[in-house]
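Novice: What follows is the residue order along each chain.
Protein chains: 2
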Amino acid sequence: MFSERMNNVKSSAIRDILKIISKPGMISLAGGLPAPELFPVDAVKKAAERVLTKFGAEALQYSFTEGIPALREKIAEQLNRSAGGLTIDNVLITQGSQQGLDLIAKVFINKGSLVMTENPSYLGALQAFQLFEAAIEPIPSDSHGILVPVLRERLKKHKPVFLYIMPNFQNPTGIAYPLDRRRELVAAAREHDVLIVEDDPYGELIFEGERLPTLFSLAGGRNVVRMTTFSKTIAPGLRIASVAADQELIKKLVIAKQATDLHTNSFGQYLVLEYLESGGYEEHIARIRQTYRERRDVMLAAMEQWFPESVTWNKPAGGMFFWVMLPASWDAAEILLKCIEHNVAFVPGREFFPDGSGKNTLRLNFSNAAPQYIEEGIRRMGEVFKTLS
Amino acid sequence: MFSERMNNVKSSAIRDILKIISKPGMISLAGGLPAPELFPVDAVKKAAERVLTKFGAEALQYSFTEGIPALREKIAEQLNRSAGGLTIDNVLITQGSQQGLDLIAKVFINKGSLVMTENPSYLGALQAFQLFEAAIEPIPSDSHGILVPVLRERLKKHKPVFLYIMPNFQNPTGIAYPLDRRRELVAAAREHDVLIVEDDPYGELIFEGERLPTLFSLAGGRNVVRMTTFSKTIAPGLRIASVAADQELIKKLVIAKQATDLHTNSFGQYLVLEYLESGGYEEHIARIRQTYRERRDVMLAAMEQWFPESVTWNKPAGGMFFWVMLPASWDAAEILLKCIEHNVAFVPGREFFPDGSGKNTLRLNFSNAAPQYIEEGIRRMGEVFKTLS
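Line by line, the protein sequences are chains A and B. FYI, the numbering for the first sequence is 910 to 1298, going by my numbering. FYI, the numbering for the second sequence is 910 to 1298, going by my numbering.
The reader is advised that the hints may include incorrect statements.
You can't tell identical chains apart in this list, so a pair holds if it fits in one copy or across any two.
With a straight-line Cα cutoff of 30 Å, these simulated DSSO-like cross-link-like pairs (lysine-lysine) come out [what the hints assert, rightly or not]:
{"#": "1", "residue 1": "Lys932", "residue 2": "Lys963"}
{"#": "2", "residue 1": "Lys1268", "residue 2": "Lys1160"}
{"#": "3", "residue 1": "Lys1160", "residue 2": "Lys932"}
{"#": "4", "residue 1": "Lys919", "residue 2": "Lys983"}
{"#": "5", "residue 1": "Lys919", "residue 2": "Lys954"}
{"#": "6", "residue 1": "Lys928", "residue 2": "Lys1160"}
FYI, nobody ran anything at the bench for these hints, they're computed from the structure. Just so we're clear, the structure is a prediction, and the values are computed from it rather than from any experiment.
Model the full assembly from the supplied sequences, consistent with the hints where possible.
Specialist: Okay, structure coming up:
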């Protein structure tokens, strides 16, 4: 009765967990939600007033599939700081980055098409590609990103329709590619003429060190699709994100988007544009960075205090997640059930591994909960871990 | 390089025409845009203020894939006025009705799956189905809708994954199904166990006569998906619409939507909810009905005055479109080029026919232009027609 593709995709375990754990007293370190107390609610209120006064009905009418020109121009300007020569014709506004993934899947994936990803990789991307019946080939990764020599070996055997990479503070691992790894990756992709889909929702949320060049800029904008979003820097509920690519590809994505939802919600686009032009944006990002950095440090200190030595983790330099490695014999999905009894939740890591490994890994979010809850949540997890050691 | 499905779909001729005709002095009767001067701009402004005061960051945070519960409940209540027993679990909020079509296509269409439609049918629906490589079989229609005896013959031969119907003031023809045709259609679909996708964006825009039962209510909610939208009654730029169906199907659509865009923009949903609760909605719809009715009548009188006798049309009892039949030897696409020289535009009808017929038909929109422009636009078209007679 239903299409074959529906056999290929199941409901997101994360969104299902988020529903279960909404009971009172639960401390959730499971979601990937930004801190709502940092949302610029008053600024959005003012922006709504100004947008409707300035643009009136235009802000509520049907609009261009490509997005509002002034917003596309702003995004092109941002991109031009690292890669030159881009115009609004290189930019498409999407209904959140998840829609960018859906459109890219539509434009590139036939049934059985090969897509290469990091291992582990972002669950929402895996879902989007699986819905279009892609064959996913995960490439082994270390703490600096995908292993480029392994990638080269695989590319010699077969060429994917694209390679999906999250270079900054990856979801779920929090890792960031150092400059040399970025260069190696871009060089390998260029040699094998492989398109890179660079998904960068967290790049702005950097706590220490310098911002590194994007894959898009390292490749001179050639054969790289760059996805960014305002979900983590302004507010996710507006669903405003963008895809940047060469004009030919943008045209294809626009045709796919016409059939998908006609255009991204106009009012949200005008609100983002108004907010960007109001001048408080940089200061606002700085505040997010500082808050998230503090929360990361609180979580780090709590893990050092409460987790047994057999449990290890990375230390992310930005983003929203810690990635935790449990002893090899532990099963994070089973431990989650015990943790939920102790009123604390996380996401088991296996969901993120296209190859089904990662049973003993888990993802912790530090952006959404207040410091005292982070501390108490980690303490509760530590208690459960003690019963297992 | 691109997926096979991209060969199946081209850029919407309508959206392309809309770009060309934005030059000054042009009178466009081409689009399908509601009248922006009727948008409740002040009410939305107030609603934005109230929503952000009442709900704060929650209105800007990630939200449920299904949509905001209070809005789903409101829609379930509306549906219960004609078909009883529905709950929020029967309702999914979508990013405009176009997304409803995309999700339905995802859930039902394999490459080559048969979809039956009216002939002509809504271009955006044809695009959405073609992107998923459906085989479209148009069923002949008369001025009361699809010819049910022909449909029955076709259904004996092969069963489609669904039958796509726009029962009220169809886009492009403006026709509405009378009650007996609705009953016949629902009976035929039930006998052959065929799912009906009932797309009803214009049902509220009724100028005369009584509102007739929906296909959804006539079928007791069984094997019918009902799509409605706030695009024509509040504002399209918010992109808030809904799909109602049995719970099993809603669950499948939700899984597809997770992978498609996570969820519909939260702020827009809260704005619609706040507006619906503010009490002015019914009065607002009444004003839209009155304005569009006047514009329909202005267009009708102008066509009677300026069009030659060889040109005929329907008289729609609601919605936004007139459907015009030219003499058999005329080609509306060629005439459009001449009309654009005379600073008036419409949509050639052939785009709407899956079977490639309809060369001598065209669609006129009367909702978007002020009466004096409608009159002048029809006069200009009449001048072009005169050179052809």
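Novice: Is it within, between, both or neither when you check Lys932 against Lys963 at 30 Å Cα-Cα?
Specialist: Cα proximity of Lys932 and Lys963: across copies only (22 Å, versus 43 Å in one copy).
Novice: When Cα atoms must be at most 30 Å apart, do Lys919 and Lys954 count as within-copy, between-copy, both, or neither?
Specialist: neither (37 Å within a copy, 39 Å between copies)
Novice: Between Lys1268 and Lys1160, at a C-alpha cutoff of 30 Å, which is it: within one copy, between copies, both, or neither?
Specialist: between (41 Å within a copy, 28 Å between copies)
Novice: Evaluate Lys928 and Lys1160 at a C-alpha cut-off of 30 Å and name the case that applies: within, between, both or neither.
Specialist: between (38 Å within a copy, 14 Å between copies)
Novice: At most 30 Å between C-alpha atoms: does Lys919 with Lys983 qualify within a copy, between copies, both, or neither?
Specialist: Between. Shortest inter-copy distance 28 Å satisfies the 30 Å Cα cut-off; intra-copy 37 Å does not.
Novice: As a check of your reading, is Lys1160 near Lys932 (CA-CA no more than 30 Å) within one copy, between copies, both or neither?
Specialist: Classified as between; 22 Å across copies, 46 Å inside a copy.
Violated hints amount to a single one, hint 5; each of the other numbered hints is respected by the structure.
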